Structures are given as structure tokens and as C-alpha cells.
Amino acid sequence: MDRRLNSLLPIVFFLIIWEFVGRLPTVPEYLFPPFSSVVVKLFAVKGLLLKNIFFTLFRVAMGLIFGAISGIALGLLAGINKKANQFMTPIVSIIYPIPSIGWIPVLMIWFGISNSVPIIAIFICSFFPIFLNTVRGVKDIDQSVIYAAKTMGTSKACLIRKIILPLALPNIFTGFRLESGMALRTGVVAEMLAIPSGLGYLLMKGQSLIDTQLIFAVLIVMGIISLIIDYAARTVEVKFLAWKD
Amino acid sequence: MEGLKIKSVSIGILKNISFTLEKGKVGVLLGPNGSGKTTLLNAISGIIPVKSGHIYLGEREITNVPIEERDISYIFQNLALFPHLTVYENIAFPLYIKKEENIDRKVSEILKKIDIFALKDRYPLKLSGGEKQKVAIARALVTNPELLLLDEPFSSLDFEMRKFIRAEFLRVIKEFSLTTLVVTHDPYEAEELGNNMIKIRQGRLVRAGNDVNRIKVRSLKKITKDIALAEFDAFSLIVPFSSGTSDHYCVEFLEEDLYISSLKPPIPTLNTLRGKIISHKEDTERVHVKIDIRGTVIRGNIPWYMWHEIDKDEVYVIIKYRGIKLKGVEDDGVQNTKK
Numbered sequence: 000m001d002r003r004l005n006s007l008l009p010i011v012f013f014l015i016i017w018e019f020v021g022r023l024p025t026v027p028e029y030l031f032p033p034f035s036s037v038v039v040k041l042f043a044v045k046g047l048l049l050k051n052i053f054f055t056l057f058r059v060a061m062g063l064i065f066g067a068i069s070g071i072a073l074g075l076l077a078g079i080n081k082k083a084n085q086f087m088t089p090i091v092s093i094i095y096p097i098p099s100i101g102w103i104p105v106l107m108i109w110f111g112i113s114n115s116v117p118i119i120a121i122f123i124c125s126f127f128p129i130f131l132n133t134v135r136g137v138k139d140i141d142q143s144v145i146y147a148a149k150t151m152g153t154s155k156a157c158l159i160r161k162i163i164l165p166l167a168l169p170n171i172f173t174g175f176r177l178e179s180g181m182a183l184r185t186g187v188v189a190e191m192l193a194i195p196s197g198l199g200y201l202l203m204k205g206q207s208l209i210d211t212q213l214i215f216a217v218l219i220v221m222g223i224i225s226l227i228i229d230y231a232a233r234t235v236e237v238k239f240l241a242w243k244d
Numbered sequence: 000m001e002g003l004k005i006k007s008v009s010i011g012i013l014k015n016i017s018f019t020l021e022k023g024k025v026g027v028l029l030g031p032n033g034s035g036k037t038t039l040l041n042a043i044s045g046i047i048p049v050k051s052g053h054i055y056l057g058e059r060e061i062t063n064v065p066i067e068e069r070d071i072s073y074i075f076q077n078l079a080l081f082p083h084l085t086v087y088e089n090i091a092f093p094l095y096i097k098k099e100e101n102i103d104r105k106v107s108e109i110l111k112k113i114d115i116f117a118l119k120d121r122y123p124l125k126l127s128g129g130e131k132q133k134v135a136i137a138r139a140l141v142t143n144p145e146l147l148l149l150d151e152p153f154s155s156l157d158f159e160m161r162k163f164i165r166a167e168f169l170r171v172i173k174e175f176s177l178t179t180l181v182v183t184h185d186p187y188e189a190e191e192l193g194n195n196m197i198k199i200r201q202g203r204l205v206r207a208g209n210d211v212n213r214i215k216v217r218s219l220k221k222i223t224k225d226i227a228l229a230e231f232d233a234f235s236l237i238v239p240f241s242s243g244t245s246d247h248y249c250v251e252f253l254e255e256d257l258y259i260s261s262l263k264p265p266i267p268t269l270n271t272l273r274g275k276i277i278s279h280k281e282d283t284e285r286v287h288v289k290i291d292i293r294g295t296v297i298r299g300n301i302p303w304y305m306w307h308e309i310d311k312d313e314v315y316v317i318i319k320y321r322g323i324k325l326k327g328v329e330d331d332g333v334q335n336t337k338k
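Order-wise, the sequence lines are chains Z and U.
Numbering-wise (numbering that gives the first Met the number 0), the first sequence opens with residue 0 and increments by one.
Numbering-wise (numbering that gives the first Met the number 0), the second sequence opens with residue 0 and increments by one.
It is worth saying that the hints were derived from the structure and are not from the lab.
Remember, predicted model here, so these are calculated numbers, not experimental data.
Careful, some of the hints might be misleading.
If you anchor each label on the Cβ, the simulated ranges turn out as follows [as the list claims (entries may be wrong)]:
1) U:Lys173 / Z:Arg2: 52 to 58 Å
2) Z:Val235 / U:Lys162: 42 to 48 Å
3) U:Asn101 / Z:Phe57: 46 to 52 Å
4) U:Asp114 / Z:Gln142: 28 to 34 Å
5) Z:Phe86 / U:Ser155: 38 to 44 Å
6) Z:Phe86 / U:Lys4: 39 to 45 Å
7) Z:Gln142 / U:Ser176: 28 to 34 Å
8) Z:Arg2 / U:Tyr304: 55 to 61 Å
9) U:Asp103 / Z:Leu240: 22 to 28 Å
10) Z:Ser225 / U:Glu99: 44 to 50 Å
Covered stretches of chain U, going by a simulated chain Z footprint (3 or more residues, C-beta under 8 Å) [claimed, not checked]:
11) 44-54
12) 74-83
13) 93-103
14) 307-319
Even for Gly, the Cβ is constructed at its ideal location relative to N, Cα and C.
Using the sequences provided together with the hints, build the complete structure.
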């Protein structure tokens, strides 16, 4: 209880400062609204917000799921098979450092204004770190554990399913958790540039209407979503990696 | 009946290794670090392919059989427990792979037999070193394999725990009558584990079997029901059994069972023989010597740091009591093992 209170106090303090600065006569409300008016706005546009949260979360989920499935599958292949690793690693090393939002203009040319743009941008953002972490996770597995399973008569498919994948999970989760936050950011940027829906679109709408209350309301929602995603990822991680603690 | 037969196997550092291990017996593969012990175990288990030679498991040649089909359990030096599976799941895993029936009953039985039932829901990372050893042994035994291989399985334990786990291991192995090959670099551990010793040094087989040194004794004087005394070169030889049909005996002991010194024991000591070194050969760890004891030549070794204290013309050889085997020599030349 004390610990919760200790972490809540600085937040309350921050909100009080925000409210105070927002109410200063020298600060116009249209430039920096006080916290209370942002909360009022949040409730006033909750229908609009919920609709656009759904769009954003759908795109983030799709991009992350595709990125994770292909990243894990190809990562396992590269981790197990030396030739596959030699083929894939140089390609990944070249593409991975390119910021995923850098792909958005070309994706807009290829796919036009559609859901595909943010989903593919999120896919690019999540695929590479999950791929690299999966490769690392497979390579980090103690070889004697693999041999022990083989001497028991384990088939290749069973070995991957029952031993290699579960033991690579700690690394995979690290990549997944880091990239889930990044995926939200990439999705919002793609929406700001390419799509007339989603939280990114609402931010751009707020900017064009000089509605800073709406912008701050969306930013608060984004912060809360990020926290929820991180918490969910941690919860899943704890459930799957109970053996580690 | 043969349990494991290695015929002219060469691989990596190993050159032309051959030996046979009887079915149901414990063989001890002894040698210094880097001598190729683990390489040989890996070759037997199928982890690495052999360059030349043959490996037989009973009647079946397994030289080129895939690792998954050899029916061998292998306890690695680090035990290689599956960290993401509970103790129960670790032990059930090989049964699940072999699609066996009554998995729950079989796992519960072995958990109770090895006295780890209370640990069944724990993960390996939450077990002590001794508990992990027991789980690894249980997992290796649960499928009743044709051959059990162990690569220095007790090396990570402290002295007391090692002694305890080793005794437990021997008890269980005896109960299961498994053909077992254990690797160790510790001669004392080798002695504890069994006397089917296969010794390799720098990739070559130094000796397989246990009948290197033999001394013939003309007569034995009974001193108790079970212990006999033989007069030999002014010192006395104490041997485990006295009864027999012959007055002629052959005393056998291993190189490892000797303590060689130039210091005369202060009082006449049992199991001590006097002789002189007739040849010696040094290696990195010890000096291998041949000792002439009244016309009988035996082989022994002396740690290198003690070699400079040795007077080659007069050495005293003390044989460990428990290392002695006594064989009666019949008239037709057939030897009967008394121990």
C-alpha cells in the first residue's frame, strides 16, 4: 500500500502543477489547457475516442501478430539451421536499422489510404527485433539439453515445439515487450500521415482545429494504452516463464 | 553376455579404442581432462559420428543408428534437465516421447523410489545440486534404457553430498541392473563406482579390465575366519578370504590400489611389499613405474611431485585392502575368483 502511495504521489503532484500552470492568466487555454478541462473534454468525446481507440488497437494487434508469428517462425528456422541463418542474417542486418516510419511514404504509394499502411509499418517495426531475439534465444539454449532430448527419441518437430520454442521464449518476450510499445507509436504516426481514422488521425484533427484539449486527451489515452499493453505483456510473460523465477 | 562393445573406434583425439562391458555391469571410464572421455560417450550416444570402428549394444550394431533410436540414457555433466518443465514433467518427458502407457504410475513409482516425490511440482532452477542429480537419475532410469551413460555426474557437488549421491546412485543402478558407463577423472571416485575400469590417456586406451598386477602366493595362514595372512618378503599380505581348495593363490590388484613410498613403515605393516624400481616413464601428472618384487614385476604410478623423494633401489608398495582380489590356482591352471 505504501509503495503504491509513493508512486501515486509524484503523479498527483505533476497533475496539480499542470492544473496550476494551465490556469495562469498569462497562459492562454487554447495553447495549454488545464488538466481538469482535458478530463472534461475526454468525457465529452468518449464515443469518438472509443471508436478510434478500436481502430488503432486493431491495427497494432494485426501488425504485432503478423510480426510476431513470422519473426518467431523465421527466427526459429535461422536459429536451428545454419544455412538459413547465413542467408537471413545479412538481409536483416541491412533492413533492421531503417526506422519503420521511414517506410510509410512508400507504403502509401503502394497501398494508398488503407489499413494496410499502418499494419505493414507495425509489422516491419515488430518483425525484426522479434526475429533477432528468437535467433538469440535459440542459440542461447544449452546444447546438452537438446542432446538430452534427442537421446530420448524426440523428433525434430517435437523438439522444436516442446524444448526449443519454450526455452527461447524469455528472449522472444523481451523483443515482444520492447516492440509492443514501439508498435503503438509507429501505428499512430502512420495514422497521422496516411489514414482518416485512429488516434493518430484524432491528433492531426486536434492540430488542424487548434483543439489542444483534444490533443491532450488523445495523448493521455495513448499513455494509458501503452501502460495496459506493457502490463498485459508482463502478465503473459510471468505466466509463461513461471519456471524462471 | 555383452552389454556394450566398442571395437576399434577412432574419433577426434581417440585412436583405436576397443573394450567390452558386460550386460548389467558398471564400467568406469577413467582418464585426465582432455583425454577424450566425453568424446567417447558422445560417440556412443550418437551425438558425434565415429570416423572408424564399430559400436554394439548387445547384439545390435548402433554405429550409424540415429541418436533418437539408440535407446541410451545420457546424464550430462551439467545434468541437462529441462528448466521449463517441472520435476514430474522432466521425468515423464521420455515416456511421453516413447508414447508409453501408464505414464503417471511409472513416474510416481520412480519418484518414490528415488525419494523425490515431494519435489514433483518444483522447477529445476529451484532445486539444490543433490536434488537435481536425483531428478536426472530418475529421468534416465524411467524408460529402463539398454545403456546408461554418465559424464562426471557428481562433479558439481561438494564432497559430502557427492559421497551420499554416489551411494544412492549405486543402490539404484544395482536395483535396475543397467549396463552403465560412467566417466570420471577422479581415481577415488572410480574406485567407489566399480572395478570395471577403462582407462584412457591422450586418446588411447591404457587399460580395460582390472587384472593388471598379479602376485602368486604359496600359502596362506588363517588368522580369522575371513581374513588370511600370507608371508611375503618379510612383510605380510592381508587378503579378504582364506578358504579355498588350493594352497597356491594369485593376488590381483589395480595400479590405482597401490601407494608407493621409499620410507620404510615404522612397524611391519600388512599388505606391504618391498621391491625396487626397474624402469619408469614420466607423463604430465605422474611417473609410471615397474617394480620388481622378488622376481615378480608389478606396475604402479607415483605422483610427479613425490618422484624426487623415491629411492629406486628400495621402495615399499602398500596395497589397499579393499582393492585386493584373491584367486585360487587349481591344478589344471583354471583360476577361481575368491572375491
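Does the Cβ-Cβ separation between aspartate 103 of chain U and leucine 240 of chain Z fall within 22 to 28 Å? The hinted range 22 to 28 Å holds for aspartate 103 of chain U and leucine 240 of chain Z, with Cβ atoms some 26 Å apart.
Could you see if the CB distance from lysine 173 of chain U to arginine 2 of chain Z stays within 52 to 58 Å? 56 Å, holds
At the C-beta level, are phenylalanine 86 of chain Z and serine 155 of chain U separated by a distance inside 38 to 44 Å? At 39 Å between Cβs, range holds.
8 Å C-beta test of the region 307-319 of chain U against chain Z, three or more residues: Our answer is that it is violated, as 0 residues pass the Cβ test (under 8 Å) against chain Z, missing three.
Do three or more residues of the region 93-103 of chain U come closer than 8 Å to chain Z, measuring C-beta to C-beta? Since three or more residues must qualify, the claim that chain Z covers the region 93-103 of chain U holds, with 3 doing so at under 8 Å.
When I compare C-beta atoms, does the region 44-54 of chain U have three or more residues closer than 8 Å to chain Z? Held - the region 44-54 of chain U has 3 residues with a Cβ nearer than 8 Å to chain Z, which meets the minimum of three.
Is 44 to 50 Å right for how far apart the beta carbons of serine 225 of chain Z and glutamate 99 of chain U are? This hint holds: roughly 49 Å between Cβ atoms.
So the hint says 42 to 48 Å: do the beta-carbon atoms of valine 235 of chain Z and lysine 162 of chain U match that? Given a distance of about 45 Å, which is inside 42 to 48 Å, the answer is holds.
Tell me whether the statement that chain Z covers the region 74-83 of chain U is true, taking a Cβ distance below 8 Å and needing three residues at minimum. holds (count 8)
Can the suggested window of 55 to 61 Å be confirmed for the beta-carbon pair arginine 2 of chain Z and tyrosine 304 of chain U? 60 Å, holds
If I claimed the Cβ atoms of asparagine 101 of chain U and phenylalanine 57 of chain Z lie 46 to 52 Å apart, would that claim hold in this structure? This hint holds: roughly 48 Å between Cβ atoms.
Aspartate 114 of chain U versus glutamine 142 of chain Z beta-carbon gap, inside 28 to 34 Å or not: Hint holds: Cβ distance 30 Å, inside 28 to 34 Å.
Violated hint for the displayed structure: number 14, the only one.
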